[in-house]
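> What follows is the residue order along each chain.
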Amino acid sequence: MKVLVAVKRVIDYNVKIRVKPDHSDVDLTNVKMAMNPFCEIAVEEAVRLKEKGVASEVVAVTIGPKAAQEQLRTALALGADRAIHVETDDKVESLTAAKLLKRVADDEQPGLTILGKQSIDTDNNQTGQMLAALAGMGQGTFASEVQVEDDEVQVTREVDGGLQTVALKLPAVITTDLRLNEPRYAKLPDIMKAKKKSIDVKSPDDMGVAVASSLSVLKVESPAERQGGTKVASVDELVDKLKNEAKVIA
Amino acid sequence: MSILVIAEHHNGQLADSTAHVVAAAQAIGGDIDILVAGDNAAGAAEAAAKLSGVAKVRTADDGVYAYQLAEPMAELIAGLAGDYSHVLAAASTHGKNVLPRVAALKDVAALSEVIGVESPDTFQRPIYAGNAIATVQSNDALKVLTVRTTAFDAVDATGSAGVEAISATVENTLSRFIGEELASSDRPELGSARVVVSGGRGMGNGENFTLLDGIADKLGAAIGASRAAVDAGFVPNDMQVGQTGKIVAPELYIAVGISGAIQHLAGMKDAKIIVAINKDDEAPIFQVADYGLVGDLFEVLPELESKL
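Protein sequence lines, in the order shown, are assigned to chains A and B.
Numbering that gives the first Met the number 0 applies: residue 0 is where the first sequence begins, and numbers increase by one.
Numbering that gives the first Met the number 0 applies: residue 0 is where the second sequence begins, and numbers increase by one.
Read the hints as simulated data drawn from the structure, not as lab findings.
Remember, predicted model here, so these are calculated numbers, not experimental data.
Be a bit skeptical, because a hint or two may be false.
To be verified - Just so you have them, the derived chain B footprint on chain A, three or more residues with Cβ under 8 Å:
(1) 150 to 159
(2) 209 to 215
(3) 239 to 246
All residues carry an ideal CB built from backbone N, CA and C; glycine is no exception.
Chain A extracted, bound-state conformation (with noise of 0.2 Å):
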């Protein structure tokens, strides 16, 4: 079974963001990129199904500009066998990804396909919804354990208030949740030998997909600031204040 795993550059998660002077939108100059969290455990699970002998292939995939192909070195390093590259500079929206994603499923055709739940940028968590909607394909979303048993796969969720287990029929669509594996570190002659393997660039126009939104963002603002900072000395000056002061406890 073949495995396909989207990756996205994002912001590194560590980074604090600037809104623009314009607010038209936030300033990504000079800042720097990296795999999305939710992508580097959607590879990790990808290559452990390699490892454990239940995929034969995992094949990485990232929609983007040129730069983007750090992102899918770094999905080789970790593990991936080869990588597509769908290259645009334009901003893609979820339901665009989902339908250049579909196209790549199509020539591909994965048993599985493993996205991150949400990209720390946009934070829409869409995509593998609606991939797995165009596709006809089940889907797995908030993953914390998958396994894939004969012609199905269970996926354990994580699901307000607790855990779900679903069984879904191959091929399907996963997305990733926090705790479904901690990803390993590339070593350095993984590195190297990521650099030989090979990644094939496409356009959407190729793919037969317009790249268009039906959304426009009108402004992006900073949220409004919270005046904190006051401290209080004592547990006898917190529990007095927050019933006099605050009156948020009787």
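Following the hints, position chain B against chain A.
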């Protein structure tokens, strides 16, 4: 305009979130219907009919909707969507599971975690872990939205809408329910609790989280955790407050041993009052806390419990 709100329910009980989603629908304006799809969900439909501002409740009661799996739910909702200008659900794990699937079936965009309604086609939503707020206009004929429930005050339950059954059912050959393990707790739900007490990496281990129990008992609070505490394996992920966990906006939020990473702040900075207890007086959490107490949590917590 006409709006379809997807009800969330468990074992015949309507989830609190639905009343908040109806409030968001009212902010958009227009006729509001609620869809209650499930297996033996009459109790939830009855509760939904009482929510004020609702025109009618549509019920789809069939075994295929048990546990409201995404595949049959999305197919059902996509089939009904032609009657509506907007489809709304809570930005819960359930709403986020189902609605993007509906949007793709209808070939329209989805908007996640809406926190503000500017007009029927223009909405506000947080991006970059709440470090920026985007105002987004949708040009689709059908708008599909998940709504952050803490951003909209619940409507009251003084209405009396009619209930109408939908006969159409769908088939589901893609997925089946295997089981669930839901945390059974006498405590309020994290997302809707009036008071939340959360522990972070400073708690040291999972057993020490019991130090929060007594305080939570006295305040009727839910117990949460930072991602660091979840990553360290102290507590399960469903307790996580933050960008990648639950978003809470209680009247009182007590952060214990939490440094205040931006990803955590994204989940709780809309609380009315924030209390931080941390031994590191430089911890960023103190910058957002209304009341900060610098001290060893292992001394502070028992004292706080005894004085509440």
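> Look at each hint and say if it fits the structure.
Quick rundown of the hints versus the structure:
1. With 5 residues having a beta carbon nearer than 8 Å to a beta carbon of chain B, the region 150 to 159 of chain A meets the requirement of three or more and the stated coverage holds.
2. Under the rule that three or more residues need a Cβ within less than 8 Å of chain B, the assignment of the region 209 to 215 of chain A holds, with 4 such residues.
3. Given as covered by chain B, the region 239 to 246 of chain A passes the check, having 3 residues with a CB less than 8 Å from a CB of that chain where 3 are the minimum.
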